[in-house]
Every structure is written in structure tokens, then in C-alpha cells.
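Based on the sequences and whatever the hints tell you, model everything.
Just so we're aligned: the sequence shown equals residues 66 to 772 in the working numbering.
I should point out that these hints are in silico values taken from the structure, not numbers from a laboratory.
There are no misleading hints in this set.
When the alpha-carbon atoms are kept at most 30 angstroms apart in a straight line, the in silico BS3-like pairs for lysine-lysine are as follows:
1) K325 - K342
2) K530 - K469
3) K342 - K324
Computed spacing ranges between beta-carbons, pair by pair:
4) D224 - E725: 48 to 58 angstroms
5) D287 - A591: 51 to 61 angstroms
6) G619 - D503: 29 to 39 angstroms
7) E95 - I234: 37 to 47 angstroms
8) N723 - D370: 50 to 60 angstroms
9) A647 - A558: 33 to 43 angstroms
10) S208 - G392: 45 to 55 angstroms
11) A146 - D103: 26 to 36 angstroms
Values in this document were obtained by computation on a predicted structure and should not be read as measured data.
Beta carbons: idealized from backbone N, C-alpha and C, even for Gly.
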Amino acid sequence: MSPLPEHVVKAWISGFGVGVPRGATAPAPEALEAAAQDLAPPLVVKAYGPGLLHKSDAGAVRLGLGSARAAAGAAAEMLDALTAAGIEPAGFLVEEQSAAGVEVIVGAVRDPAFGPVLLAGLGGVWTEVLRDTALRLCPVTESDARAMLEELRGRALLDGLRGRPAVDIEALVEVLLAVGGAGGVAETLGDRLTEFELNPVICGPDGAVAVDARLITSVPVDPTAVAPAPAPPAGPPAAGDFARLFAPRGIAVVGASTKKPNFGNMFLGFYQAAGFKGRLVAVHPTASEIDGVPCAPSLAEAGPDVDYALVAVPAARCPEVVREAAGIPFVQVMSGGFREMGRPELEDELLAAAREAGVRLLGPNCMGVYAPAGGQTFLGGTPGRPGGISVVSQSGGLAGEVVKVGERRGLAFAKVATVGNSADVTPADLLGHLAADDTTSAIGLYLEDPRDGRGLFEALRGVAKPVVALIGGRSGQGRAAAASHTGGMVGDARIWSALAAQAGITLVTGQDDLIGVLDAFDLHGARAAPGSPEILVIGPSGGASVLAADVFDGAGLDLAALPDPARDALRALGLGAGSSLANPLEVPVGPRADPGLVGRAVTAILAERRFADVIAHVNAQSFFTFGTSADPLLAYTRGVGALQAELPGTRITLVLRNAECAPPGVEDAVREIAREARIPVYRTMEAAAVAVAAVKNHASRSVHGTA
66 MSPLPEHVVK
76 AWISGFGVGV
86 PRGATAPAPE
96 ALEAAAQDLA
106 PPLVVKAYGP
116 GLLHKSDAGA
126 VRLGLGSARA
136 AAGAAAEMLD
146 ALTAAGIEPA
156 GFLVEEQSAA
166 GVEVIVGAVR
176 DPAFGPVLLA
186 GLGGVWTEVL
196 RDTALRLCPV
206 TESDARAMLE
216 ELRGRALLDG
226 LRGRPAVDIE
236 ALVEVLLAVG
246 GAGGVAETLG
256 DRLTEFELNP
266 VICGPDGAVA
276 VDARLITSVP
286 VDPTAVAPAP
296 APPAGPPAAG
306 DFARLFAPRG
316 IAVVGASTKK
326 PNFGNMFLGF
336 YQAAGFKGRL
346 VAVHPTASEI
356 DGVPCAPSLA
366 EAGPDVDYAL
376 VAVPAARCPE
386 VVREAAGIPF
396 VQVMSGGFRE
406 MGRPELEDEL
416 LAAAREAGVR
426 LLGPNCMGVY
436 APAGGQTFLG
446 GTPGRPGGIS
456 VVSQSGGLAG
466 EVVKVGERRG
476 LAFAKVATVG
486 NSADVTPADL
496 LGHLAADDTT
506 SAIGLYLEDP
516 RDGRGLFEAL
526 RGVAKPVVAL
536 IGGRSGQGRA
546 AAASHTGGMV
556 GDARIWSALA
566 AQAGITLVTG
576 QDDLIGVLDA
586 FDLHGARAAP
596 GSPEILVIGP
606 SGGASVLAAD
616 VFDGAGLDLA
626 ALPDPARDAL
636 RALGLGAGSS
646 LANPLEVPVG
656 PRADPGLVGR
666 AVTAILAERR
676 FADVIAHVNA
686 QSFFTFGTSA
696 DPLLAYTRGV
706 GALQAELPGT
716 RITLVLRNAE
726 CAPPGVEDAV
736 REIAREARIP
746 VYRTMEAAAV
756 AVAAVKNHAS
766 RSVHGTA
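Written out as C-alpha cells, the structure reads:
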């Protein structure tokens, strides 16, 4: 629909406390002079009406007019030009021209998954050229608004540059809150909001004035009569407890065959191999047993204590099967062929069947649940040992990789759930459970389409535990063509970054970092070490240390200088000959080096300056150039482990570079020794930097009460 006239929008937003220029309107140029008599020059004239969404592009704006008569003349010229271009203005707006200042854009747009999103940045005619903007999900707090301004590359313009005065930051923050804060423009409009934009807001030392305003709504709205949007209707009641999802007393598998092995048979085998101690039943209309598992003719006859049903039948049959599940708390539909395949109506029917049966539905199009302590699995072989890491994933395949690769590296999992299409049970539902779960210490997420983005945002803000998220499709989801600059610059990837900043979670870009950060949270999460950015890097090879400095600096970490007393202590240890005593610190590490030297050097440094994080790196290749014995490398690892035991308030991270050069089994042995000492191990400086930064950031947020 067409945007509302600018003067109508300005009159409305002034009620939220947003400053706007004094102005008047006239239906035609000949009436403009009288309308502008009480306005102080210089004046601005704008035409408004259909076809004038971007007024500057259409030539519908004139600035710097010295009198009411000049304004009327400019409007007459504008009318002639617009008429020649086939545009009929509805009227003209004349305003007092605001004094020059820093031009800022403030806007809001409704995202289909996450709801209203606030944008702020450097604005005016340079908006799309500079694209220097920051995002947050609404409603924003004052701290959110200030953080948005801090993120801008051009922040120095707001603080004053080359003798220019600083702008009134408090007034600009008030504008952000008026648009995106509680009770502001975005919240008042609710679902009616499509796009809203103030561009530019001219900021000076004595305030902020919105000199242009644009509002586009999904339904016709009279801003002068708009009431706050009603609260959205409550969704279906969530299960109060997901405990039986992860530790069912009994499991029923629907879809196993007596003739040709299929996914149902595979899952029966998984549960048998895992040694499931509860009651396992196969559902088949005629068979008495399948693969040694007793059968029931339907879910309705599965018997007592069945808390979980796994459905692996063709998609079209799934609603019928789910309707039979009354009395079973949780039903997982493994089958695909629903919304993800262009059949949303079948997914709606499946959800209706679950509602009718009174069950919570996991999926469809998902692999299920993995919980070693509760006997749940969707993986072959013996489950790993129970641990503190939990994962919620929209991809079953990726969740399986995270578990298998993670366990290979020594990680131990508490609860892993795949949710597929999330027709009923959403990531937000499961986050609420895991936030209160005593066995979960750290949470990993893999998401593509959250379905309930707003619910996810609220759930994440309620989780005090560390959370790391890998998002698929951030750059490829796309967005419909936007009518405003704001709409064009609010993209999927940026919304996830905004969510991470507000909810205090870590975003990673790959599976390896997802596993690595979870490992760091698991092993270091309980240490009483601060979140300050200073780190100490210590290890062999000057070249590797120089590269490490670049990597850690790029992750926002600070390789702070060593104090002079620490340098003196290091010289007393025999260090410094032929190398600088700097951070990163070069220390001999190898088959002929003293395995305890790194520990003594770190202790000497920490006696003079506190570093919450120490990254010890070692070149595995150097230990095996002239022999195959792993003893020196393992001795070095034990020394680092002993150092961690002596320094419970310091987080030590080990980087085993060039691990491929070690004989088979050596890397596993290093990881085992390090894990016993609760030290995470990484193959690259880059992986370590991501993990160390994540732990530091979470520690900092926890201290400041923002987690």
C-alpha cells in the first residue's frame, strides 16, 4: 500500500517525544504562501502523495528557501515538473529547515520470523552508500540503544570531529527508544508495521530532529487514532516437562518391516545396540515380533509406560499414525515430505493430529533424540559417556556429526534433540527446558529457519548458561524488495548478529567452531576467571607467535605487554637470549627441551600481572622429526595439566599445531591427558581464538549481569 503522508506521520511520532520541524501543508502552490507565513526561513518544500515514496529521487524536495513567497514559487515549479513526469501530488508540506548536523537514520521493519527490528546508523543521502548501521530486535533497552551507536564505524562523527561539537547523544538515544523501545512506535503498531523510517534525523549539540518520516503498514492505519497493538494470542500449551523425551520409560517404533529392512528396523537396532533398559516395542499390524522386538498392532495398543514414539512411515500416513498416539507424551516423526517439500497442508494436518491426540510432536523431518544417560539415541553403536553438553539442531545429520566428532575429541553430551521442521516443539521450547536442566552446562544450536524467531529470542534471553549457535542459510534466505532504506538493509545475517548481541550468545560460522566452543565452555565454564580481554600466548617458533598475535587480535583479544619485573624473572629462567621477551612469548618446546619450562615461565609472569587466559601452543611435528617416541610430548602435556591444577583461576588452552605429523594415537593421548586436567585442545590458533573469545565474552556478560 502507499505510505502515509509525511506530515501525518510526523504529527503522530511527535507524540512519542520525537522532535520534528515546525511546518504546515497546502493542497496547491497558491495556498502555500499563506500557510508558511508563521514559519521562520530558511524553509523546505516537499510534495507528497502517491508515487512520491522517494521524494528526493523524484525532484519533490527544495531546500534553503528564503521566504514564504519563495516557498510558494518553488512549489509551483515542482508541480509543473512532477505533472510532466506523470505524477499528481496530493499536496505540499512546508517546514522550517533544521540547522546542519550529523545525519542519522532510525528505522524499524517487521521481520517475518523475528518481528520488529530496529536499525540505526549514519543517514541522509549517504545511507545506502555507507551502510554504516547497527540492528537490534525490538523492544530495545537503553543499553541496547547505546550499544548500537557504539557499533557504528562513524561513531567519531557523533562525538565531534576536527573541532565540530559532539551531538546530543542523550537526545539520539531517546529517539531510538521512541521508535524501538517498550511502548514505542514499533511495539504500538505490532503486526501492522511493515516499514518505518526517520531519515535523516539531524543531530546537533542541542537535540535531534527528524526531518523526514515514512510509515508503511500492512493494513490501512490512521496514526492519530492508532491504539497499541493487542498482545498476540497464546499458542498451544507447552509440555511442562521434557524429561521423558530424553529419558523415556518405553519407546515404540512405527514403520519397521518384516520383509525389507528400513529406517524403522535401523532404529530398533540402534536401541538394542545402545542397551536401552526400558520397554521397546515395534508397531506392526500383523507381526508378533520384528528383529527380536515384540510388536503391537497400533500405537493405541502399545501398552503402558511408552513415553516416546518414533514414526518412520510415508509422509501421507503420518497424521493417521499420530492420531493413535493418545497417552504417549512425545511423538517424533522422522519422515520427510512436508513443508520442506512444498506440502505445508500435510504438515498442518500432522500438527492437527498431534493436537487431537494431546501429544507433543518432534519434527517432522528429524532424526530424534540422543541422551546417553536416558537411553535415547539416533546413532549406531554404543553411546558415549554422559556429560554436560546439550544441543538443539534443525538438522539431524549435522547433529549426528557434532556428537560423533565431539565424542571422538573427548566431549560428553547430556541431551541432543533434532527438531527438523519444528511444527510443534520448537528450539525455544527445548531451550526453556535445558536452561533449567541440572545436567546441562553448555548449549549448542544449529538453526536454519527458527519458525518462532520471537519465541527463540525471548528464550535465549532467559538462558544464563553459555550458548553457541551455528546458523545455516544466513546469506541465502533473501527478502522481498523493500520500500525504505531500512527495509533494504535489514538482512537475515544481520538479525542473527543482533540477536546474539542482545541475548549474550556466541555465533560461529562452522561446525568445527561449534564443537570447539562447546568444549571450551564445558571445560572452562565453571572457572572463576574474569572476562577481561588480556591473554598470554606462549610457545615455540617466533613465526608461529607472530601469526598467533594477528589471529588473536582479530578475535578482539589483547596480547598485553609483559611488565618489567616479569621480564627480569624470565631472564632469571634463562629466557630472552636470541628472542624478545614479549607477548606472545617464545619458549623452547620440543623433545630436548625442559617440559616444565613453560609452567615456570607462566608462573613468573602471573606473579606480576594477571592474565585470565593462557594459550600454550606446541608444534607436534618438532617432536617427531628425529624419532617416534611420544614421551616428551606427553610429558609436556602433563606439565601444562599440572600448571592448570595450580592455577584454578586461570583458563589454560592448548594448541597442538601440526597434529597430523604425530604418529597414530598420539593426538588422542594428548587430548586425554589435557581433558583430565580440564584443558581444551585445538589444532589451530584460529580455532583456539574463537573459543577463547567466546568464553571471555560469556564471563564478561555474566559478571555484568547481561547473560
